[in-house]
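Enquirer: Once you know that position 55 of the sequence shown is 55 in the working numbering, the rest is easy, because the numbers rise by one and skip nothing.
Derived from the structure by calculation, the hints contain no laboratory data.
Predicted model only: the values in this text are computed from it and were never measured.
Watch out, some of these pointers could steer you wrong.
As the list claims (entries may be wrong) - Simulated pairs of lysine-lysine, BS3-like, Cα-Cα distance not exceeding 27 Å: (1) Lys-67 to Lys-132; (2) Lys-115 to Lys-67; (3) Lys-111 to Lys-67; (4) Lys-63 to Lys-115; (5) Lys-117 to Lys-67; (6) Lys-63 to Lys-111.
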Amino acid sequence: MFYVLGSTMRTKPEYPCSSDEVNLTTCSRSQDEDEKTKKKKTSEAIDITAAAMARHPALVLYKRALKLSLDWAVHRNLWRGQAVYIRSLFEANRHVRNPHDQRVLLQETEKLLEKWKHPDPYRAPTAPGGSKWERNLPVPVLNEPQPQHLAKVEN
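All chains, full assembly: derive it from the sequences and hints.
Expert: The following block contains the structure:
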């Protein structure tokens, strides 16, 4: 669920034949093999994309769980232990591949997060809803006065 796919450096495929060689059978074989490897790479890319899409809801729930635990933990050093525990819970269910079981786990996690929702979640002081929100706003800059307002009124 939480692993980063590594990328390997690949060089251009080297073809055994050049344009001036006469032996065409080896060239045609290498081109056929090249087409097969392209198809294989494409299918692997589709599999990786499908796996990433299946992981997305779990990643969202993992992030929500970490943010929720920050609401309950007063200090960062206390929160770190909770974060490690939450990670171990998600890692324990990493092997689940059955879509039905995945949905059940996601629904149970949603219920658990709703149950443990903090009544007064932490907000950064300058964030909307924070204790310093809209304090000491800068004075609005007014436009220059128009010339008609500057003229003296004669009686």
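Enquirer: Taking the hints in turn, state whether each one holds.
Expert: Here is what the structure says about each hint:
| no. | hint | in the structure |
| --- | --- | --- |
| 1 | Lys-67 to Lys-132 | holds (21 Å) |
| 2 | Lys-115 to Lys-67 | holds (14 Å) |
| 3 | Lys-111 to Lys-67 | holds (16 Å) |
| 4 | Lys-63 to Lys-115 | holds (16 Å) |
| 5 | Lys-117 to Lys-67 | holds (10 Å) |
| 6 | Lys-63 to Lys-111 | holds (15 Å) |
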